[in-house]
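Undergrad: Just so you know, we're using the working numbering here: the sequence shown kicks off at 488 and counts up by one.
Bear in mind the hints are in silico, worked out from the structure with no lab data behind them.
Among the clues, some could well be false.
Simulated crosslink set (BS3-like; lysine-lysine; CA at most 27 Å straight-line) [claimed, not checked]:
(1) Lys675 x Lys636
(2) Lys675 x Lys520
(3) Lys636 x Lys520
(4) Lys606 x Lys545
(5) Lys650 x Lys636
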Amino acid sequence: MMIQGEDPDSFEREAFTEAAFQVEERELRLWRKRGAVGKLHNIVRFVRASPQRRELMKSLACSQRDEDDYHLFEEDRAAIDLELMQNNETRWNSTFMMIQRAIRKREQIDHFITYLDTKAAEPRQRMPVQDHLSQQDWLLLAEIQSLPKPLYEITMRCQGWAKEGRYGALWEVMIGMEYLLNFFEEQKLIFSPPDGTADELQIARASATTSTAFHVREFFEQQYPRKEQPEAARTMIGKAMRQDEPSQFDQWMQSCDRCMMEEEDELGVYMR
Numbered sequence: 488m489m490i491q492g493e494d495p496d497s498f499e500r501e502a503f504t505e506a507a508f509q510v511e512e513r514e515l516r517l518w519r520k521r522g523a524v525g526k527l528h529n530i531v532r533f534v535r536a537s538p539q540r541r542e543l544m545k546s547l548a549c550s551q552r553d554e555d556d557y558h559l560f561e562e563d564r565a566a567i568d569l570e571l572m573q574n575n576e577t578r579w580n581s582t583f584m585m586i587q588r589a590i591r592k593r594e595q596i597d598h599f600i601t602y603l604d605t606k607a608a609e610p611r612q613r614m615p616v617q618d619h620l621s622q623q624d625w626l627l628l629a630e631i632q633s634l635p636k637p638l639y640e641i642t643m644r645c646q647g648w649a650k651e652g653r654y655g656a657l658w659e660v661m662i663g664m665e666y667l668l669n670f671f672e673e674q675k676l677i678f679s680p681p682d683g684t685a686d687e688l689q690i691a692r693a694s695a696t697t698s699t700a701f702h703v704r705e706f707f708e709q710q711y712p713r714k715e716q717p718e719a720a721r722t723m724i725g726k727a728m729r730q731d732e733p734s735q736f737d738q739w740m741q742s743c744d745r746c747m748m749e750e751e752d753e754l755g756v757y758m759r
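Could you build the full structure based on these sequences and the hints that come with them?
TA: What follows is the structure in structure tokens.
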């Protein structure tokens, strides 16, 4: 009793709070090691940790909108009401959607962090300086966003019951996997800088694309070993390796293109 003071319950609560804070600090440090995406994860987590922070961010955005109302496009006004999205391990494409939403609300995020830096009295009420996103971080997030975008598009494309031979059909999955391989191999070449001339941003780009391409290729090789594929299946590795004379499948696909497949995105073009 003497060690814990006159209020042992209060002592235990403080000890529990301090222990929880230390665990949270360790998690924040781990996420920071992931670069710009990790910093963004920490920011989103900080904002979504309490209803008060979410409301404060929205109210700041609304007040800023009132000041700049004549300069805002309709899309910017709509973005004010959108919540930040948190990525996690179980939700498909959650990192892509988190980055996409954050880029749309970039100005609001920066304004929110700046406001807390000047108004919040307690350090724990402010966003840690280590998690502030610099101009270079935002540029990198914009580049990274383009990498998981095809994964998101294919996920959307393969949803459904394939009632009309598409949106859920097996052929879309197979071609989609080849599309991903080609896409990430191209990105790896694009973002691989010449030896000795890479800056920090280029190194981060190259690291992200190389890692993603490796994991996609590893998964594809595990699921569809090339040595086990029949000779006929090996021809289905993208437009670059197709025969000059269209096969019956290609002719059927081209006929369906004209009447059924009107996608405007890159994935839709690839599947034509």
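Undergrad: Does the structure keep Lys636 and Lys520 at a Cα separation of 27 Å or less?
TA: Between Lys636 and Lys520 the Cα gap is close to 23 Å, so the pair holds against 27 Å.
Undergrad: Could you grab the alpha-carbon distance between Lys606 and Lys545 and see if it respects the 27 Å cut-off?
TA: holds, 16 Å
Undergrad: Are the Cα atoms of Lys650 and Lys636 separated by 27 Å or less?
TA: This hinted pair holds, its Cα atoms lying about 25 Å apart.
Undergrad: Would the pair Lys675 and Lys636 pass a check requiring their Cα atoms to be no farther apart than 27 Å?
TA: Within the cut-off at roughly 15 Å; holds.
Undergrad: Between Lys675 and Lys520, is the straight-line Cα distance small enough, at 27 Å or below?
TA: Holds. Lys675 to Lys520 sits at ~22 Å (cutoff 27 Å).
The structure shown violates none of the earlier numbered hints.
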